[in-house]
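Protein chains in written order, with our numbering: chain A, 1 to 207; chain B, 1001 to 1388.
The hints are simulated quantities; they were obtained by calculation from the structure and are not laboratory data. Worth double-checking, as some hints may not be accurate.
[As the list claims (entries may be wrong)] Far from chain B, by Cβ distances over 12 Å, these chain A residues were calculated:
| hint | residue |
| --- | --- |
| 1 | Ala32 |
| 2 | Glu39 |
| 3 | Gly139 |
[As the list claims (entries may be wrong)] Have a look at the derived ranges for each label pair, beta carbon to beta carbon:
| hint | chain 1 | residue 1 | chain 2 | residue 2 | range |
| --- | --- | --- | --- | --- | --- |
| 4 | B | Pro1235 | A | His3 | 36 to 44 Å |
| 5 | A | Arg164 | B | Thr1213 | 32 to 40 Å |
| 6 | B | Ala1336 | A | Arg5 | 17 to 25 Å |
| 7 | A | Gly30 | B | Ser1231 | 52 to 60 Å |
| 8 | A | Asp22 | B | Gly1308 | 19 to 27 Å |
Every residue, glycine too, gets a C-beta built ideally from N, C-alpha and C.
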Amino acid sequence: MTHLRDRVAALVDGELGHDARDRALAHVAGCAECRQELEAHRRVKAMLASTSEPRAAQELRLRLRLLAQDQPRPLRAEVPPLPTPVRPLRRPTPARPSTRRRGPGRHPEGRSGQVRPGAQVRSAGRRTLAHRSALASAGALSVVAVVLGGAFVLGGSPTQPVLRPPVDTFSVQHAVSTDDMSLSDPLVGAVTASFVPGEPAPGPATR
Amino acid sequence: MSRHANRTAARVPGAMPALVGVLVASVGLAWVAPAPAHATAPRIDVSSPGVSPAGVSRAATGSEVHALDLLERAARAEESTPYEGTQFVASWGRVTTSYLVEVENVPGRGTAARLLGVGPDHAPVEGFRSAAAPFGDVGHLRLLARNYDLAGAGVATVAGRPVDVVEVRADDRDGDEDRGQTPGDDLLVARVWVDSETGLVLRREAYDPTGRTVRASAFLDLRVGLPVRMSSVPPEIPGPSGQALDDEALASKRSQGWTCPDEPVDGLLLQEVRRLQRHDGEVMQMSYSDGLESVSVFEQRGRLDMAGLEGFRVVRVGQAPVHVRDGLPMQVVWVAEDTVFTVVADAPGTTVAAVVAALPRATTDEEGVLTRIERGLRRAQSWFRGNG
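Extracted from the complex, chain A is given alone in its bound form:
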């Protein structure tokens, strides 16, 4: 069996079917690399479960969506590799009246930012405040980086199964479904396709 890769998170979440789970565990028993990855997932899961910030996750997701909207197509564009938490915090549209300066300005952390048109940057405020804000922001940003990084790790495995489409079975199904639909002759096609070894025939519909 090949390395688990994307199936690790599904395994940790108990989302694999019986057979798949057994195979995965059997593999892990003999593979140090996957075992380490499994442990890493479990640690991240435990870590996130011990924090108390579901709202933070939601807010971050909102910000990510706003960020995505601001990106050029396609939607699933690459964001800068983590950790560079500075850019994701910028809101592309003003949410409420504020004392923030519009246009280019200094980022709270003291870097001059690359501001996209229309983007607002949080004002640094007065210098001492800016300094304190910078420290607070740095702390917040590192939390963000950890959470985003953790989310990135967790998100690596969707809950969907891995499929090998039964192409030859589908060909038979196509032949017998469409024999009254065109001038092609599916009988002969169905005859040969029916005898392809390997793929089981599609099961009956259960509902």
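Given the coordinates of chain A, work out where chain B should sit on it, guided by the hints.
What follows is chain B alone, placed relative to chain A:
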């Protein structure tokens, strides 16, 4: 015998049984209302021949009526004419396949086809289609007449027997740009040779937009009317699996995010939707036809693993990799976000390409970082709620 035959490349039109159950149309059928895009093909109203129903912009020519008459006869011929013979069947493209088929037809019992020389140790590969299988309705013929120009094209000889020729041309009024045809072309897409005496289809050919023959089948020898004794009846080919969905069920599936388009390419209409249940999940099967060609699109939820699927080459459609296996039918597989698409088509490559282009595809080769982060956050949230 082609070495490709073992790959069961033999999905090439075989002829007679082809039109069986396909064409149940009456004379003067030509002018019926255009087919609405239902999930299942509607029945044709054959009660008023010669009357041009609303929605049809032109009347049939005498030649077209004659052509439809011939095609309609061909369907009934299977029901009433016993015959046995040998066909040569071939397809040309990136992969060339050819084989010989022995066909026996016993009205009231069924049709048997045996591919010669294929299978392990050259054992025959064979199948039987029971006569009890219901004939298809006439939606197909209506589509054919709507999407193509049909015309009688004189007489000829096949297997020593006089035949009438039907030509199928791409509608020259509004060439199908989706499929690489430019407006104004009068493109021959297929010919059918119909036995003058019995109405059986003795030969058929299909052509690509450049005029090259891509599919052909023809009887090399044929014995008609003799009592045909099927000494051994091959295994019966079962009807389609799964459960056909009605409009309501289809709408429900679409609301759950299944794509299931009505008309991915101009003229290629959804004929039927079936739901299959497999061990690895549900499959939605959409069958499309324009009367001449048929395409099935299979949708599954999941991620794609092409391991073990041989004979596929990769092409790029936009940024997305698409796996193609040439032959007849052509098979195409790709993944879009969390949906795996499989297309099986008895159609030229141009049509298949148009169908693929009309369906969702992955926008990038790999998952975007954003997708992954969002999914991770959703997962983390579910843990907070104790769902982990």
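Quick rundown of the hints versus the structure:
No Cβ of chain B approaches the Cβ of alanine 32 of chain A within 12 Å, the least distance being about 23 Å, so the stated non-interface status holds. Distance check for glutamate 39 of chain A against chain B: the nearest CB is about 16 Å away, which clears 12 Å, and the non-interface claim stands. No beta-carbon of chain B comes within 12 Å of the beta-carbon of glycine 139 of chain A; the shortest separation is about 20 Å. Taking the beta carbon of each, proline 1235 of chain B and histidine 3 of chain A are about 41 Å apart, inside 36 to 44 Å as hinted.
At roughly 34 Å, the beta-carbon separation of arginine 164 of chain A and threonine 1213 of chain B lies within the given 32 to 40 Å, and the hint holds. At roughly 20 Å, the beta carbons of alanine 1336 of chain B and arginine 5 of chain A sit within the given window of 17 to 25 Å. In this structure the supplied range 52 to 60 Å holds for glycine 30 of chain A paired with serine 1231 of chain B, their Cβ-Cβ distance being about 56 Å. Roughly 20 Å separates the CB atoms of aspartate 22 of chain A and glycine 1308 of chain B, a value that falls within the hinted 19 to 27 Å.
Hint check: no violations occur; every hint is consistent with the structure.
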